[in-house]
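The chain contents come next:
There are 2 protein chains.
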Amino acid sequence: MTSRQNRTRDRAERGIPEATVARLPVYLRALHALQDRGVATVSSEELAAAAGVNSAKLRKDLSHLGSYGTRGVGYEVEYLVYQISRELGLTQDWVVAIIGVGNLGRALAGYGGFASRGFRVAGLLDADESVIGQEISGMTVEHIDRLEEIIAERGVSIVVIATPAAAAQTVCDRVVAAGVTSVLNFAPVVLTVPEGVDVRKVDLSIELQILAFHEQRKAGGPDGYDPMAGGVSGNGRASGYVEAVEA
Amino acid sequence: MTSRQNRTRDRAERGIPEATVARLPVYLRALHALQDRGVATVSSEELAAAAGVNSAKLRKDLSHLGSYGTRGVGYEVEYLVYQISRELGLTQDWVVAIIGVGNLGRALAGYGGFASRGFRVAGLLDADESVIGQEISGMTVEHIDRLEEIIAERGVSIVVIATPAAAAQTVCDRVVAAGVTSVLNFAPVVLTVPEGVDVRKVDLSIELQILAFHEQRKAGGPDGYDPMAGGVSGNGRASGYVEAVEA
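Line by line, the protein sequences are chains A and B.
If you're matching positions, the first sequence starts at 1 in the UniProt record's numbering and goes up one per residue.
If you're matching positions, the second sequence starts at 1 in the UniProt record's numbering and goes up one per residue.
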């Protein structure tokens, strides 16, 4: 590898702030929506509006990917989809196992948004004998006893934990011991993992709390008028999520 | 109201950046965990670590609430819980209706995290005759035809849409026409709402995409070593979500 290649790798691999990484999926969602409408190029202002961020931030974020657009034309939608997908690692298939097939696990198993983003659910596991063998979204629920075997055989690299809170840490420990280093946790509990393992926790009530904040302001009447509420409303059309990731 | 009260209201109601609002639920979660362990006071460093942000940002966020802690002592956990809860509007009960009781709607109906945060689910609605009348988490599923009536009678202020994508906009239009101005959207579609209505969209695949980014870096071996992965891992213990809201 030449030193120039090294520098390029360095920029791409070390230079992307975590907050930018968190916004890339939001840009990608907006770009997919543009593709669906047959749009070939998009200005930074249009894309920023669709994603709910300001355009300076968008341009800065995309510059980390080495993507600067063309003056007067903007960004090529298809190429930008490719660049962001490559950056996020979505140009390859990620094999996912879901542990815990209660209502949430079932909802996740049937969630169309995973497959379309390069995530292939290759295993549904549970400890409850009464659900083992059930067919859910075209897959058969397997026993948690086979966890290590399934992870190894199917090349599972990301595990989704959707068990009750009490079971989550034990399951997580087994998953980590089996060599998995990426865990998405839906259980309402904080998981402890060794260095080198990424855990992301989804708290379904956080978005509700943010809505409550604005609802309270609106309920306050003229005295409680919240100038931010309008902004959220405007962004809400594109994606409320962006509000949460924009600083 | 005196002018001093006015200034206080102004600071509290107009001065909180949206990114701070998005982090308040994360601090609240960390504080609740401290309360569960019987901790009475917490330093900004400890609380920041538990929430996965840096302590300067935490102190700045809390200063927007007029909360500055005590030098050498830190923050009083109970009082800070009260302050943040009040700020977020969680000291009052919010009445929530869930529309669409597929797997996701059922999972949300049974989600303990709502009730403990001041959200009371007062209605489960669906259009599918075969589920109307079913008991889910102690509630009876009602027909979507009764939507307007239920919203008015029970004082529903936040609606959670968990319908299939194709039904979501129609449901949203009815909800908005019935006077609801806060919508949490789980359907994989972008909803259009008039000014003054807040929509927040939950995309369950976004967190997976962020995991994939780091997984890709880790898979790259020494050349692909990602210095950020360690940071995420460290924060992941407390809350991966914070990564998404910290700029």
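The set of hints was computed from the structure by calculation and includes no laboratory data.
Incorrect hints may appear among the rest.
Note that identical chains are pooled: a pair holds if it fits in a single copy or bridges any two copies.
To be verified - Derived pair list, reagent style EDC-like, types lysine to aspartate or glutamate, alpha-carbon separation capped at 20 Å: (1) K60 / E148; (2) K60 / E45; (3) K60 / E76; (4) K57 / E76; (5) K60 / D145; (6) K218 / E135.
Taking the hints in turn, this is what the structure says about them:
{"no.": "1", "hint": "K60 / E148", "verdict": "neither (42 Å within a copy, 45 Å between copies)"}
{"no.": "2", "hint": "K60 / E45", "verdict": "within (13 Å within a copy, 30 Å between copies)"}
{"no.": "3", "hint": "K60 / E76", "verdict": "within (17 Å within a copy, 39 Å between copies)"}
{"no.": "4", "hint": "K57 / E76", "verdict": "within (18 Å within a copy, 36 Å between copies)"}
{"no.": "5", "hint": "K60 / D145", "verdict": "neither (47 Å within a copy, 47 Å between copies)"}
{"no.": "6", "hint": "K218 / E135", "verdict": "neither (46 Å within a copy, 34 Å between copies)"}
Going down the numbered hints, you'll see the structure goes against 1, 5 and 6, while the others check out.
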